[in-house]
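Same order as they appear, the protein sequences are chains P and H.
Taking the numbering used here, the leading residue of the first sequence gets 1, the next gets one more, and so forth.
Taking the numbering used here, the leading residue of the second sequence gets 1, the next gets one more, and so forth.
One or more of the hints may lead you astray.
PhoX-like, lysine-lysine: derived pairs with alpha carbons at most 25 Å apart [what the hints assert, rightly or not]: (1) K529(P) <-> K75(H); (2) K643(P) <-> K328(P); (3) K113(P) <-> K75(H); (4) K705(P) <-> K328(P).
Each pair of labels, with its calculated beta carbon distance range [stated by the list, open to error]: (5) D101(H) <-> S114(P): 35 to 41 Å; (6) D34(H) <-> E438(P): 29 to 35 Å; (7) R153(H) <-> D517(P): 48 to 54 Å; (8) M551(P) <-> K75(H): 57 to 63 Å; (9) P215(P) <-> E183(H): 23 to 29 Å; (10) K75(H) <-> Q586(P): 45 to 51 Å; (11) G77(H) <-> Q510(P): 24 to 30 Å; (12) P215(P) <-> G77(H): 24 to 30 Å; (13) D517(P) <-> K75(H): 51 to 57 Å; (14) E183(H) <-> K244(P): 55 to 61 Å; (15) M551(P) <-> R153(H): 50 to 56 Å; (16) P215(P) <-> D136(H): 17 to 23 Å; (17) H520(P) <-> D34(H): 55 to 61 Å; (18) K75(H) <-> S114(P): 36 to 42 Å.
By construction, these hints were calculated from the structure, which means they are not laboratory data.
Remember, it's a predicted structure, so these values are computed and weren't measured experimentally.
Built from N, CA and C at the ideal position, the CB exists for glycine as well.
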Amino acid sequence: MNIHGGKLARVTVLWILLALVSAAILTTRLQLTFDLSAFFPRETSLTQEILLEQLKNGPGSRLIVIGLKGESRDQLAEISDLMKESLTTRPDFLNVLNGEYALESAVIPEPVKSYYLLLDDIEYSQASLDDALQQRQRDLTIGGSSFLLELMARDPFLQTLKILQRLAPVNMTDELWFAEDGSAVLLAETRAPAIDIAAQERAIMSIRQAFRDSPVSDSVQLELTGVGAFSVELQNTIRAEAQKRTILAITALLVVLFVIYRKFQLLLLAALPIGMGFLVGLATVALIFNSVHGITLAFGFTLMGVAIDYPLHLFSHARQQTGNAAIKLIWPTLRVGVASTTIAYLALALSGSDGLAQLGAFTASGVIVAALVTRYWLPHFIAAPNGVTTTSKTSPRSRPLAILPALLTLLVTVLGAQLLLKDGLWEDRLSSLSPVPEHRLLRDGQLRSAAGTPDMRYQLVLRAKSLESLLRDNESVDLLLQQAAADGLLESWQSVSLILPSQFVQKQRQQAIPPTDELHFRLQEAVVKTPFREDAFELFETNATLAKSLMPLSPALFEATALDSWLDSHLIQVADQWASLISISQPKPGELAARVETWEQQIEIVDLHQSSLDLMRDYRSDAIKTILFASLLIIALLLFEQKEARRVLWIVLTVMASLTVTVFVVTSLHAGLTIIHLVALLLVMGLGLDYALFVSRTETEVEQKATRHAVVACALTTTMTFGILAGSSIPMLKFIGLTIAIGSATSFILAFAGSRVSKREIS
Amino acid sequence: MILNYRTQHGTVALSRLLVIFLLLCAPAYAAPLDLKTVFENVAVTAPARVAFREERHNPMLKEPIVLTGYLEYLKPGHLRKVIETPFEESFLIADDQIEIDRDGKVRNLSLSKSKPIRAMLGGIEAILAGQTDKLDEMFNYELTGTSCSWSLRLEPRSRKISSHLTSMLVKGDEEILSSIRVEMKKGEWSLMDILHPKADQ
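This is chain P alone, in the form it adopts within the complex:
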């Protein structure tokens, strides 16, 4: 230590400086997000863009599903009513529904409130006015709704109600919603998109507050599901679960390391490369990207599992010599491993999605830093142990490497996969990426089905060059759809025309409103046939006159209104085109598609389920291509470094065999591979390369012992810590944990099986 004292101090100062700079970057730039869509692929085609838009921002995604259970139906109904009433008044929600169409709580949103006379064709003839007033007189005999009275005065046709009812995201049955298990169900449509976690959190707090404010006996349970609710929940559970599992894993790691090395000092030293790697890796991501995803943070750390191997190799080899001597011995091998792993992670950084790019950049930079710390900083701390047995007298010898075990395993696994895995290797459902536990998703489905939310799988997409021509086309398509619905090809649909008619049609409707005097005259004619007061409909007369000179309704007028997001989910502008998304319920997809094809408008039916599968497939094949390319690069690197074709062949085969076994086992257990598994497999590749590189080294007998010691330590710690993650309930953690635990164990077994050693060498 003394000899190196000065150098150690200099090196240490440099590393501490780097740590401080990283910390400074983190404190000024680090912004965490929990937006799951960062892990969705970057969009490619228009339909895929629409799909992602729907996932991120669609009306379905903005629904928080509220379940109430544990009491009698009547009591739940009362709470459901109260919560609905109180939530309706909160600014967080556009719409709060529980199945009943409650007039008194309905607030008429702009621009419907101003433009109600232009949103539908209205007949202003004497007969039509007579009829409307007769109907309203009858409505009065039912009585009991002050809202209705106010509405009538400005809208004797009750046009506003028709518009609002058609805009509801679900088919209102007018009965309170109850799920099969007796839970009362409410749907709260948030104003903010699901990805705005802060807003979703506020919305959820409002819901919980409303629940507490209602006369709840303690036996009533509140359940919240839906994209927004899950995101908020995940933000907390991912954090808690990741924390719990990480603490468990690290504790186990420390215990095992202590048992293996029996030196407390080494435990602290092992933390240096990992800690520095984490700090610098995170700072790198913070520098490159605007915000760091929570998942990058949680899972990137676990992906750096490969980095713990670096100090372990050093420690095992330093049992017989100084740290500096040991690192010089193993560095060439370690370097190749680090370079290969970095190539693999950089490949990840270049493919797929922002989330994966972050993971890749984080892990690649983290691994490099961890390796550098192991090479240039750690060795200074490790003095030669007492009673040193200096370098072994025996000369280095190459190990006999058997290709057969790996080859056999590879063949048997591939054959087994052919026979056993009938469902295919890949799980392409977008939902498989969801970190939401399966039972929660199932529950969401159960509650939603009580509310009869429409199946968002199919949509019609209509396109045009300008907004006006799109709206005109949409109006024609509405008529065609009316016919199609009459022919039973679909049940119902919602399109932008409901709240945004073309300017042409708006003008027509303005012209259809009779002159003020004329309307007044007709209205008086109608009023005298009823007991209504002469001035009962004065407000309607005023509004009709105003409507004639309103400036045309345009998307700009929806900004900051309650209907803004409704419009957004039905009308989008993509590049130089406008698209209308027409949601359809209960279509006969095949027949409807055939019918739509005959229309002259630029319209197509989109199967969101299918395009999500396509999307994932494209995403995954992109990732695979990049990874294959990276593998070729790694093989080239190995050949360049090792110059020993047989050893390289052995390494490649061993790694391939362990990857294949891992894929086989994981596919059988998890019903298919997802992109997350793919990411974890990259780490398995890194570990496998590391083990294979080391056990195939040309070394002296003493070194061989040290190498075996190191690889056993690495494999043991990795398998154990990731085994702990595999027990998690969060799919992403579980996928990563299991894949790496199995991969590490398999890589270890195959590497040892392939490098024959005589019995006396086993220590």
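Please build the complex by placing chain H on the supplied structure of chain P, with the hints as guidance.
Positioned in the frame of chain P, the structure of chain H alone reads:
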């Protein structure tokens, strides 16, 4: 029936009536007025039918709408209000459903509108069927008067219903219900007079 006559005849009739009143009502008068007795008196066995005349007042109207028709108690849980003039319309409260027949078109009215009417008809049915528990479940009530001339003031327990329907005042004698006055929010109110079958003839 007797009370109906009282309103039509003058003070001469009144003294005569008082005698009858005392004779008829003496036993009941002595006992404290309770809901059960009242209900036993006015209870009706289904099927039964009574005619009504109803005035509906509303600030939008220059004069009240006057409805005539009949109430039909079909069987327990099934009560129908049939309007005959000035137009034809009927409401059927059957189990937990309310059906409106307007010009032959049957539809279920939205609950927000039908809740007050359901409460109202439900309350009447509870009285006719003598179901004190059911009435108690739906309303806070206050019974005043004598068994010969009682009034029952009902206020809905449900906060939701009371946001439309403030109160109901049901009046009756020892045989029948005679009138129901319903107070709603925003100056809306209605008065339904039950026309006794004999008086009707």
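Outcome of the hint check:
Straight-line distance between C-alpha atoms of K529(P) and K75(H) comes to about 38 Å, which puts the hinted pair past the 25 Å bound. About 20 Å separates the Cα atoms of K643(P) and K328(P), which keeps this hinted pair within 25 Å; it holds. Pair hint K113(P) plus K75(H) does not hold up; C-alpha atoms about 45 Å apart against a cutoff of 25 Å. Among the hinted pairs, K705(P) with K328(P) is consistent with the structure: their alpha-carbon atoms are about 17 Å apart, no more than 25 Å.
Taking 35 to 41 Å as the suggested C-beta distance range, the pair D101(H) and S114(P) conforms, at roughly 36 Å. In this structure the supplied range 29 to 35 Å is violated for D34(H) paired with E438(P), their Cβ-Cβ distance being about 59 Å. In this structure, R153(H) and D517(P) meet the distance hint of 48 to 54 Å, their C-beta atoms being roughly 50 Å apart. For M551(P) paired with K75(H), a C-beta distance near 60 Å keeps the hint of 57 to 63 Å intact.
The given range of 23 to 29 Å is respected by P215(P) and E183(H), whose C-beta atoms sit roughly 25 Å from each other. Here the CB-CB span from K75(H) to Q586(P) is close to 38 Å, at odds with the stated 45 to 51 Å. Here the CB-CB span from G77(H) to Q510(P) is close to 52 Å, at odds with the stated 24 to 30 Å. Hint check: P215(P) to G77(H), Cβ distance near 28 Å, so the stated range 24 to 30 Å holds.
For D517(P) and K75(H), the Cβ-Cβ distance of about 56 Å falls inside the hinted range of 51 to 57 Å, so the restraint holds. Between E183(H) and K244(P), the C-beta spacing of about 60 Å keeps the proposed range 55 to 61 Å intact. Taken as a hint, the range 50 to 56 Å holds for the pair M551(P) and R153(H), whose Cβ atoms sit roughly 54 Å apart. With their beta carbons about 18 Å apart, P215(P) and D136(H) fall inside the hinted range of 17 to 23 Å.
Taking the beta carbon of each, H520(P) and D34(H) are about 58 Å apart, inside 55 to 61 Å as hinted. The supplied range of 36 to 42 Å is broken by K75(H) and S114(P), whose beta-carbon atoms lie about 50 Å from each other.
Violation of the numbered hints given earlier is confined to hints 1, 3, 6, 10, 11 and 18; the remaining hints are satisfied by the structure.
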